[in-house]
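S.K.: Take a look at the letters that make up each chain.
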Amino acid sequence: MKVLVPVKRVIDYNVKVRVKADGSGVDLANVKMSMNPFDEIAVEEAIRLKEAGKADEIVAVSIGVKQSQETLRTALAMGADRAILVIAADDVHTDIEPLAVAKILAKIVEEEQPGLVLCGKQAIDNDMNATGQMVSALLGWSQATFASKLDIEGDAATVTREVDGGLQTIKVKMPAIVTVDLRLNEPRYASLPNIMKAKKKPMDEKTAADYGVDVSRRLEVVKTSEPAERAAGIKVGSVDELVAKLKEAGAV
Amino acid sequence: MAVLLLAEVNDGELALDATAKAVAAAKSLGDVTALCVGATAAAAAEAAAKIDGVSKVLCAEDAGLGHRLAEATAALIVSLAGDYEHIVAPATTDAKNILPRVAALLDVMVLTDVSGVVDGATFERPIYAGNAIQTVKSSDATKVISFRTSTFDAAGEQAAAPVETISATENPGLSEWVEDKVAASDRPELTSAGVVVSGGRGVGSEENFAMIEALADKLGAAVGASRAAVDSGFAPNDWQVGQTGKVVAPELYIAIGISGAIQHLAGMKDSKVIVAINKDEEAPIFQVADFGLVADLFDAVPELTEKL
Ligand SMILES: Cc1cc2nc3c(=O)[nH]c(=O)nc-3n(C[C@H](O)[C@H](O)[C@H](O)COP(=O)(O)OP(=O)(O)OC[C@H]3O[C@@H](n4cnc5c(N)ncnc54)[C@H](O)[C@@H]3O)c2cc1C
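Protein sequence lines, in the order shown, are assigned to chains A and B.
In this text, residue positions in the first sequence follow the numbering used here: the first is 1, and each later residue adds one.
In this text, residue positions in the second sequence follow the numbering used here: the first is 1001, and each later residue adds one.
Take these hints with a grain of salt, some might be off.
Unchecked claim - Straight-line Cα separation of at most 20 Å, EDC-like style, residue types lysine to aspartate or glutamate; simulated pairs:
hint, chain 1, residue 1, chain 2, residue 2
1, B, K1307, A, E241
2, A, K54, A, D81
3, B, K1279, A, D240
4, B, K1272, A, E226
5, B, K1137, A, D22
What the hints assert, rightly or not - Which chain A residues stay away from chain B? Per the calculated CB distances, all over 12 Å, these:
hint, residue
6, G53
7, V65
8, D90
9, V92
10, E110
11, I195
12, D204
13, E205
14, K206
Said to hold, decoys possible - Here are some chain B residues pointing at chain A (derived, C-beta under 10 Å):
hint, residue
15, G1130
16, D1231
17, I1277
No wet-lab data here; the hints were simulated from the structure.
Here a beta-carbon is modelled for each residue, glycine too, at the ideal position from N, C-alpha and C.
Go ahead and model the full structure; you've got the sequences and the hints to work with.
M.R.: Have a look at this one:
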């Protein structure tokens, strides 16, 4: 079985986000960028499937600016076999919407015929939580979102999902789209030899136009602003003082 | 202009708070028709009919719609979509599972976790773990939206609106339900509780979490947790508060042994009063806390529970 893993280049989760003064967006120039953490979990799961003999090839795909090739190299260094870079924007500030990403991915799925697409459940930049569900819709495939456990047996996958009430287990027909949650696994770090090896692994370069997909936005960004700041609070010296302050504030 | 609102139905029962908050958010967009689906949904439909602002309820009962599997529910919504300009739901994990699928089938973008309505096409939503608020204007014919419940007050009650029964569309049969693991609890629901007491890695173990729960019970509060506490097995996944867990905005939030990473703050910084108890006076949680107590939680929490 071939596994397709889409990966997104996003601001590193440790970086403090700065909104640009002109309200046009978040400043991404000269900021540390990394693979979306959920996508790392997806890559890791694909590698574990391969190690378990359930997958034989892992194809990583990234759609965005040219620099996304660094993200793909990371996926290759972790253990993906080859990569497809789809250039869909020139400016690092351009975020390709999930619908357009899903359309491109659906075309790639038609070409590559994977048995499974493993996506991160959300990207930590736009926090949309949509791409996997959209790919699944466009392909008419089954979907299992927010996976914390994945078991593939024959032509079905049993997936435990993290939902508001706790955990839900469902069984989906393969081929399927699975979006992964935080507790599915702990992604490995790429070793130095593997980083070196990854440089020689194949990476195809395409454009959105190659797939005939229009990536223009459906949601025009009117403005981007800072969230409301909280007024500074105080430190209390003891539990008694805390109780008194809470009573004063009418909070208890 | 009309709005189709997917009500939150769990095992035949309406999740009133989440649904009523979404109704409040959707009211200004047009006439709201609530859709209740499930293996059983009649009781939920009756309850939804009484939410102020709902002008009609559609009720679809079918075994294939049980457990809100995305494929069947999305197919039903798409079959109804032609009559509506907005298709909305509270931003629960169910809606997050279903709505993007609906949007893609309609060839429109989805607007998830919307925190503000500017007009019928323009909405605000948090991005980057709430570190920025983006205002976006949709050019799509149908707007598919999930509303972040923590930023809207629940709509009140009204005399019941009419309920109409509709049939399910053909089930694509792509997935089936196996089991739910839901812990029964007498505590209030995390996303609607007036008080939330959350524990982090500093609590140290599942056994020690009993201390957090004792304080919560004293206050009639819901219990929350940081990702680190959930990852370490101290607390179940549905207690996680944050960017990728639940978003809460109670009257009082007490963070205990939680450092205050941005991903955690994303889920609680709109709380009215925030209390932090942490032994590290440099912990970032103190930057958002109204009342900070630098102390060992193993001393402070039992004392606080006793003195409240
Ligand atoms: C993609 C992604 C998504 C994430 N989503 C979330 C999310 O939704 N929610 C979330 O919470 N996190 C999330 N995180 C994780 C987040 O970055 C932090 O790692 C996490 O919130 C830390 O949890 P913590 O504060 O409990 O642990 P720590 O950061 O380890 O803090 C523990 C705190 O306890 C204090 N402490 C220890 N012992 C005591 C004691 N005896 N008395 C008093 N204080 C004590 C310490 O001083 C410290 O401040 C996410 C991370 C990523 C990468």
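S.K.: Are the hints correct? Go through all of them and say.
M.R.: Results of checking the hints against the structure:
no., hint, result
1, B:K1307 - A:E241, "holds, 11 Å"
2, A:K54 - A:D81, "holds, 15 Å"
3, B:K1279 - A:D240, "holds, 17 Å"
4, B:K1272 - A:E226, "holds, 19 Å"
5, B:K1137 - A:D22, "holds, 18 Å"
6, G53, "holds, 24 Å"
7, V65, "holds, 18 Å"
8, D90, "holds, 21 Å"
9, V92, "holds, 15 Å"
10, E110, "holds, 15 Å"
11, I195, "holds, 27 Å"
12, D204, "holds, 25 Å"
13, E205, "holds, 26 Å"
14, K206, "holds, 21 Å"
15, G1130, "holds, 6 Å"
16, D1231, "holds, 6 Å"
17, I1277, "holds, 8 Å"
Hint check: no violations occur; every hint is consistent with the structure.
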